[in-house]
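Each chain, written out:
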Amino acid sequence: DVKVTQSSRYLVKRTGEKVFLECVQDMDHENMFWYRQDPGLGLRLIYFSYDVKMKEKGDIPEGYSVSREKKERFSLILESASTNQTSMYLCASTPGTSGRGAKNIQYFGAGTRLSVL
Amino acid sequence: AQTVTQSQPEMSVQEAETVTLSCTYDTSESDYYLFWYKQPPSRQMILVIRQEAYKQQNATENRFSVNFQKAAKSFSLKISDSQLGDAAMYFCAYRGRAGTYKYIFGTGTRLKVLA
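Residue numbers (this note's numbering), protein chains in the order written: chain A, 1 to 117; chain B, 1001 to 1115.
For the record, the hints were derived by calculation from the structure and aren't laboratory data. Some hints could be false.
Listed next, the in silico EDC-like pairs over lysine to aspartate or glutamate satisfying Cα-Cα at most 16 Å (straight line) [to be verified]:
| hint | chain 1 | residue 1 | chain 2 | residue 2 |
| --- | --- | --- | --- | --- |
| 1 | A | Lys70 | A | Asp38 |
| 2 | B | Lys1070 | B | Glu1017 |
| 3 | A | Lys18 | A | Glu79 |
| 4 | B | Lys1102 | A | Asp59 |
| 5 | B | Lys1102 | A | Asp51 |
| 6 | B | Lys1102 | B | Glu1015 |
| 7 | B | Lys1102 | A | Glu56 |
| 8 | B | Lys1070 | B | Glu1010 |
| 9 | A | Lys70 | A | Glu17 |
| 10 | B | Lys1112 | B | Asp1086 |
| 11 | B | Lys1102 | A | Glu22 |
| 12 | B | Lys1078 | B | Glu1061 |
Could you build all of it, start to finish, from the sequences and the hints given here?
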């Protein structure tokens, strides 16, 4: 089975702290994603990466950055955490984007619930 | 820009009954993919079912089936013989043609299953 692992289920941080959320997938997937999930807003894409060291902004990149130094690991960084970044963060990966079939399926981690005080 | 709309924030169904969750989307593309994802209270999101727009036949996975109406841009999920384990948030999602990385999710429908 594909496994997407997020390093923490729950995090509590202080305003202004630098926060790292880590995500690792074990199936050699090309693409990785970071989403933010808030009630009534669904999933909103923060950043995605289609290759090592490659990244593209999603819909809400402000206040976030990402790092992908190795294919299996995709990190989300909050440079200076703020209270409005309190949320559930979901990491996902997909095998690829070309062709049809299973390459389109997203596999998700269990999520990290971040509270910024 | 593409959008996905789930107009039912919450639904309830009696155990063993059938329920249909609605999803509509807007796109100018002719080739795309549609998905239903389930997020149980433990929060790990999993794929329930997917549909490729070029296929006219509705997808089916055991008790889960979709009603895909391409002209109406509608993609509803039917759950038959509902079970307590079906209680979850359900998200409808859209992805454009190959080479497009972005998935667009609806706001979700919380399904409650009553014993």
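Each hint, compared with the structure:
About 29 Å separates the Cα atoms of lysine 70 of chain A and aspartate 38 of chain A, which puts this hinted pair outside 16 Å; it is violated. Among the hinted pairs, lysine 1070 of chain B with glutamate 1017 of chain B is inconsistent with the structure: their alpha-carbon atoms are about 27 Å apart, more than 16 Å. Of the supplied pair hints, the one linking lysine 18 of chain A and glutamate 79 of chain A holds, its CA atoms being roughly 5 Å apart against a limit of 16 Å. Restraint check for lysine 1102 of chain B and aspartate 59 of chain A: satisfied, since their Cα atoms lie roughly 10 Å apart, inside the 16 Å limit.
In summary, the hint linking lysine 1102 of chain B to aspartate 51 of chain A is supported, as the alpha carbons are separated by about 14 Å, within the 16 Å threshold. Taking the CA atoms of lysine 1102 of chain B and glutamate 1015 of chain B, the gap is about 36 Å. The hint is violated against a cut of 16 Å. For the hint linking lysine 1102 of chain B to glutamate 56 of chain A, the alpha-carbon distance of about 10 Å falls within 16 Å, and the restraint holds. About 25 Å separates the Cα atoms of lysine 1070 of chain B and glutamate 1010 of chain B, which puts this hinted pair outside 16 Å; it is violated.
A hinted pair counts as satisfied when its Cα atoms are at most 16 Å apart, and lysine 70 of chain A with glutamate 17 of chain A does not qualify at roughly 25 Å. In summary, the hint linking lysine 1112 of chain B to aspartate 1086 of chain B is supported, as the alpha carbons are separated by about 8 Å, within the 16 Å threshold. Taken as a hint, the lysine 1102 of chain B and glutamate 22 of chain A pair is broken in the structure, with Cα atoms around 21 Å apart against an allowance of 16 Å. Distance hint between lysine 1078 of chain B and glutamate 1061 of chain B is fulfilled; the C-alpha atoms sit about 10 Å from each other, no more than 16 Å.
The structure is inconsistent with the numbered hints 1, 2, 6, 8, 9, 11, although it conforms to all the rest.
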